[in-house]
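Participant: Next come the chains, spelled out residue by residue.
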Amino acid sequence: MDLLRRLLLVLSISAGVLHTDGGPALADGRMTREYDLKAIFLFQFAHFVNWPASTFPDSAAPITIGVLGNDPFGAGLDEVVAGETVGSRRLVVRRFRTIDQVDTCQVLFICSSEATRFEYIHSKLSGRSVLTVGETKDFASRYGIVGFDVQRNRLRLRINVAAADSAKLTISSKLLRQAELVPKG
Amino acid sequence: MDVGRTFAPLVAALLLSALPPAASAESLPEGVESRGDLKKMSIEELFNLEVTTVSTKPEALSATPAAVKVVTGDDIRRMGALSIPEALRYIPGVEVARVDNRQYAITARGFNGTIANKLLVLIDGRSVYTPLFSGVFWDAQDVFLDDVEQIEVIRGPGATVWGANAVNGVINVISKRAADTQGLLVMGGAGSPERGFGGLRYGGKLGSRSFFRLYGKVLDRDSSVRPNGQDVGDDFKTDQGGFRLDGGWGPSSDLTIQGDIYKGSADQRFTDDMEIGGRNVMTRWTRRLAEHSDMQLNAYYDHSLRDMPLTFRETLDTYDVSLRHRLPLGERHDMMWGLGYRLTQDVVGNTPGFAFLPSHQTRNLYSSFVQDEIELSSVLHWTLGSKVEHNDYTGVEVEPSTRLAWTPSATRTLWGAVSRAVRAPSRLDRDLYVPSTPPFFLAGGPNFDSEVLLAYELGYKAQPARNLSAAIATFYNSYDNLRSVRGGPPIVLANDLDGETYGVEGSATLEARKGWRLSGGYTFLRMILRSPSDTSTVKQAGDSPRHQWFARSSLTLAHGLEVDAGVRYVGELPNQKIPSYLATDARLGWRPVPSLEISAVGQNLFDSRHPEFGTPASRKEVERSLYGRATWTY
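If you're matching them up, the sequences are chains A and B in order.
Here the first sequence stands for residues 8 to 192, numbered as in my numbering.
Here the second sequence stands for residues -16 to 617, numbered as in my numbering.
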């Protein structure tokens, strides 16, 4: 069991390095749970996007953030959105198993579990003012409007402005400035 | 050598047999902002945050009611694996034994051997087992590992969907889409015994929905060593290249075309080099018909060559076409059906010692399957289906299975299954003659029939906390008509061996804190084989370890530092007098700038060498491996 002892030594040294993370290890690396950050962005989109009034049944109707497929957020998204409003509208989170269940929805996060159905989902949403958000590399260019992309441990956005235009969505230039825009055509 | 080496154990066994009987999920580590803090940040600040990926995010397969383990591309990188077999070392229920510097004995749930024959291996849907012995020549199966999306390992029969040979398990290597491998990647490294390896991949865009990539790779590996430390002199070199093209057209159709070409050689001291080579091209067309409905058409051609001067030579051409269609029926039924046809043509160059007769063989395989997943209630799913196959040896084979899954919550699944699977005869079972001209000592297996498995499985998967997932799988396998030897002289191959195997496989992954993942697994396997007439093949129960376990730690630190360590224990193989061993692997990775990764990898660190497979007289040993590697992306 000499080898095992050596391994435990290696592990405990590793753990020791980690535990000093007030020190060198994590000093400049402010680490964030990937899906907490993505949840924050879904929440922020509600502020940086304008939907046509006709998308809502009435002036008091909430802004719905939908999650389609195998939800990766856990309780994180609900926690972020709880009690929040944009103007007079409340924010609510709804989860959908299939695209056919998606009735009223302003922001729709399409989980990677749906990857084989992106094309179909895309076709079902055409003509509707839904800000579709995905996290595969080609999501924004092929199937939706906003794509999350983790590059070099930083979250990046790709935005397809033409797709947003045809969905009659106006995206704030403040957000667009920070994003990579999908070239036209 | 090779097949000489590969078949030597079998031939030896045959010869012998003819002789007279002899955490808490929600606590945030320091340095991680709470969600409340995040909400207060500006967009600019948010973009500057470093993210780490949660390992336990839902994977479609982890919810499937079967013993499934997914090795991601990132896992492969962090293991420091340089080949597919090395990427399979940390999987419960799987046996990986390295035979020499390029050959492996790999199986799931028992019956291991250099000519192991109960595991189906697919690379992007292309079957890579040889109909020569229903097994895999692992030295010829390589991919550009940086472009692997994941390796799915399914233990237990997958015959209903995958077909014959998916008896004890299925390994499915899936490469990334070309859209996900854009840009230039250059990698290279050197060490011992991995003397040198390098590769280059370039991915580009052809249109708004069309992407491609090209790759090339080389490797040069030092000779195998004998137990006394002497070099065998079988230095191994390979060159491989390939491409993938993904395109979409119309609203819902996708087309993938991919191919590879490779050649390799191993030195032989006293004769010309052993050579392998091959090329393959595959095309897959997928059309989505509706939300849960799609149709997929697959076709491939594969050519392979193996030439061992003075011993054996084989060329094999495989043509395969298959169709599968998935469609929901009503509210509760998710149907899938498929059809397939495969044509194999081989030419074996025989030598005086042993021969496959006839030396040319053409075989047809027709298959069809249907499977229905029925939603009995929101928490209870029942899957039943069957494959019906026709092969040229035994005619029609039926391989049904039924599977029940109870999912009381999104994080817990209890499942059970009963399946029948067969291993259809291979060339080796029917056509092997020793020597190659009469009088024969071994005269094939004229009446060799399919081996049959009836498998009972029960398993449970749970994610009790956000950062902890665990799975346990148990099985009882009952085998009939396993291969044995009969009579003599001359002896023939027959089906006089029966037996049972049972086992337990458990694994767990804990995200101990942000950036630190711990995982472990344990495998218990018991094999009981019986034969009224053949005492030699019964002993192969001792070719698989009774106990295996592993533990791994993957640590991600700031400044782009990664520290990985793992230990794996493999119990003794009594039939081969291979002692148990404990091996330690470690990797240190560093990303000084985002586009460059440097790593140092040590495998089998605390042991200069140990044997993993083979009888004392012929075996090679696995040496400590140390190498450095750099990967640059642009």
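Check each hint, because a few of them may be wrong.
Subject to a maximum C-alpha distance of 27 Å in a straight line, what follows is the list of computed DSS-like cross-link-like pairs (lysine-lysine) [as the list claims (entries may be wrong)]: (1) LYS220(B) x LYS246(B); (2) LYS159(B) x LYS188(B); (3) LYS246(B) x LYS159(B); (4) LYS181(A) x LYS23(B); (5) LYS220(B) x LYS188(B); (6) LYS220(B) x LYS159(B); (7) LYS144(A) x LYS522(B); (8) LYS181(A) x LYS22(B); (9) LYS144(A) x LYS131(A); (10) LYS175(A) x LYS131(A); (11) LYS144(A) x LYS159(B); (12) LYS144(A) x LYS175(A); (13) LYS144(A) x LYS181(A); (14) LYS188(B) x LYS144(A).
Selected chain A positions facing chain B (in silico; Cβ < 10 Å) [to be verified]: (15) GLU91; (16) THR92; (17) VAL93; (18) THR105; (19) TYR127; (20) SER148; (21) LYS175.
Since the hints were made in silico from the structure, they are not lab data.
We put the CB at the ideal spot given by N, CA and C, even for glycine.
Participant: Look at each hint and say if it fits the structure.
Facilitator: Against the structure, the hints:
1. LYS220(B) x LYS246(B): Holds, at roughly 8 Å.
2. LYS159(B) x LYS188(B): 15 Å, holds
3. LYS246(B) x LYS159(B): Roughly 23 Å separates the two Cα atoms, so the pair holds.
4. LYS181(A) x LYS23(B): 16 Å, holds
5. LYS220(B) x LYS188(B): Measuring from Cα to Cα gives roughly 32 Å; hence the hint is violated.
6. LYS220(B) x LYS159(B): Holds. LYS220(B) to LYS159(B) sits at ~26 Å (cutoff 27 Å).
7. LYS144(A) x LYS522(B): 52 Å, violated
8. LYS181(A) x LYS22(B): 17 Å, holds
9. LYS144(A) x LYS131(A): 21 Å, holds
10. LYS175(A) x LYS131(A): Answer holds: LYS175(A) to LYS131(A) is near 16 Å, not above 27 Å.
11. LYS144(A) x LYS159(B): Roughly 11 Å between the alpha carbons, so the hint for LYS144(A) and LYS159(B) holds.
12. LYS144(A) x LYS175(A): 24 Å, holds
13. LYS144(A) x LYS181(A): Distance of about 23 Å is within 27 Å: holds.
14. LYS188(B) x LYS144(A): Given that 27 Å is the threshold and the Cα spacing comes to 13 Å, the pair holds.
15. GLU91: 8 Å, holds
16. THR92: 13 Å, violated
17. VAL93: 13 Å, violated
18. THR105: Constraint on THR105(A) satisfied, holds at 6 Å.
19. TYR127: Nearest chain B Cβ about 5 Å off; hint holds.
20. SER148: 7 Å, holds
21. LYS175: With Cβ-Cβ at 21 Å, over 10 Å, it is violated.
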